[in-house]
Amino acid sequence: MRKKRLIGRTAVFITSAIFAIAFLLPTVLTITNSFMTQSEIDANYGQVFQSANSGSTFISEQVNLKFIPDKVSLSQYVRVLFQSPEYLLKFWNSVILTVPIVILQVGVASIAAYGFTRWRGKVRAAIFFFYVILMLMPYQVTLVPNYLVSRWLGILNTRWAIILPGAFAPFSVFLLTKYMRRIPVSLIEAAKLDGAGEWQIFTKVCLPQCRAALYSIAILVFIDYWNMVEQPLILLADAEKQPLSVYLSQINVGEVGVAFAVATIYMIPTLLLFLHGEEYLVEGIAHQGSVKG
Amino acid sequence: MNAKVLDLMHSMCFLGPSLLGVLVFFIVPFGVVVYYSLIRSNLNPEFVFLDNFKALLHNSSFITAAKNTAFFSAVAVPLAVILGLALALLLEARIPLKSQFRTFFLSPMMVPVASVVLIWQVIFNNNGVLNSLITSLGGNTVDWLNSDYGPLVVITLFLWKNLGYNMILFMSALANIPRELLEVADVEGASPLYKFFAIKLRYLSPTVLFVAILSLINSFKVFREVYLLTGNYPYESLYTMQHFMNNTFASLDFQKLSAAAVLMAVVMVIIIAVLFKIEDWFGKDVEG
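Protein chains in written order, with this note's numbering: chain A, 370 to 662; chain B, 69 to 356.
Since the hints were derived computationally from the structure, they do not count as laboratory data.
Fair warning: this is a prediction, and the values are worked out from it, not measured in the lab.
Heads up, the beta-carbon is just placed ideally off N, CA and C, and yes, glycines get one too.
All clues stand as given, with none of them false.
Chain A regions said to be covered by chain B (calculated; three or more residues, Cβ under 8 angstroms): (1) 396-404; (2) 501-512; (3) 532-541.
Cβ pair distances, simulated, as ranges: (4) A:Trp568 / B:Ile131: 49 to 57 angstroms; (5) A:Ala581 / B:Val252: 27 to 35 angstroms; (6) A:Ala494 / B:Ser259: 40 to 48 angstroms; (7) B:Ile131 / A:Ala565: 58 to 66 angstroms; (8) A:Trp568 / B:Phe117: 46 to 54 angstroms; (9) B:Glu248 / A:Ile637: 44 to 52 angstroms; (10) A:Glu609 / B:Val334: 34 to 42 angstroms; (11) A:Trp568 / B:Glu251: 42 to 50 angstroms.
Bound-form chain A, shown alone (with noise of 0.2 angstroms):
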């Protein structure tokens, strides 16, 4: 019974293995070959993007995906950071866009749901129904009105256009809301008999519970945003304005081991964020739960 036992455990501990190791893969392929030359790059790749430059360089007949360089070279970066003023305008406008939408979502949300929270009422479940159904939405729904309001308002093909209806998504509104409403009823009472008002016992009570929350959700927006594609393609017409992103994929076919360095370099933030506050992401991700209620 135990052999049996172990058996089995061995064989589920070896398909998660497999599994893992396939979801890393990506990841790890693109860092390590940003440490690649461009002559490496084309050599085990030329095939695929067959490279411009394809006269002066050895081209293999097979492809090769390779995990370890030859000579770890700084060489893409280098041409990432100093010769290519470019990439890192870019990764520029990913920030003003992303970073605005994170801090005013959140916000804007966090004031909400405290509204959700302390007030029912028949006409305020049906507004938060309506919500989430707003929040199921697909783009394919919503950008067409956004378009429409951002050309009235005059601010298309400005960063606005992609920030302002960013600010007023209603994810982080039925997020924010479910953590709020698990916050004990007596301890909102305790304060107001304490004869604080609401907007103190939204600051100083409220907001200190939910902190962890708030984090979570910031995390979990950033990322949304920092990979947009559909909103900058529609309403940033300008090349020069549009996130990185977006600029990433247009990237020469010339230039893949750039693009692997810019990847990495892109992937940075949202490392950082993960390795720092990966269980505060797990948790807002749990706390979702169900849509309902």
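Position chain B against the provided structure of chain A, taking the given hints into account.
For chain B alone, coordinates are given in the frame of chain A:
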């Protein structure tokens, strides 16, 4: 002043900013979209009711996009739910390195879409790794991204990206099942299969609903990957709803765009309502 009015005023102070933003950026413009979908053109605002919708349903690129998107969601969403649950059950076992595995499964979340696409190209390109592997094994190669196998490639990408998230949702739901119930089942000698279907699945039903809806929404976002892999005009089997929208945006045909957006909203609301009903029926005897 009576308490009810005071409450309303207070709640409006807090809900106000968010409501105002939602009204300005989502509700009012969506109303305009509905209006646009019902008129002949912006210059000639004559009501034509369902004409734009009829034209849309006769538009071949719309039909292709709708079919592809529906097919993709119909395959990818159930897989994302089942495999997400399977991973969560896998990590329920007492095995070493559990938390590391969890981290690995979640890692696709942080990888920028564009770099994922780069790797996918290396693997699935006509001259890519998969084909050279097939050649060396003596098989026939397939140009994966420019064939009817295209959706398969995109489905693997979708699953790779979303399974970790779904797994976390299921793991937390599994942890919330009352232990006593499972212990009683153990004492009674219930089989693992019985325990799963009779107890666990019952308690998981709200999570199954949530994961299904979440995966459905994410399946509409897969345009991002397809666009980055193949550009604005991909092989026909990879032409999604968002391609249709983007290309229609280029010609600024608002009647077509609006009708498509409204149609899609209606379909989404119907799907969500059906899923809610199923969950009500399935999980009615368990406290969610």
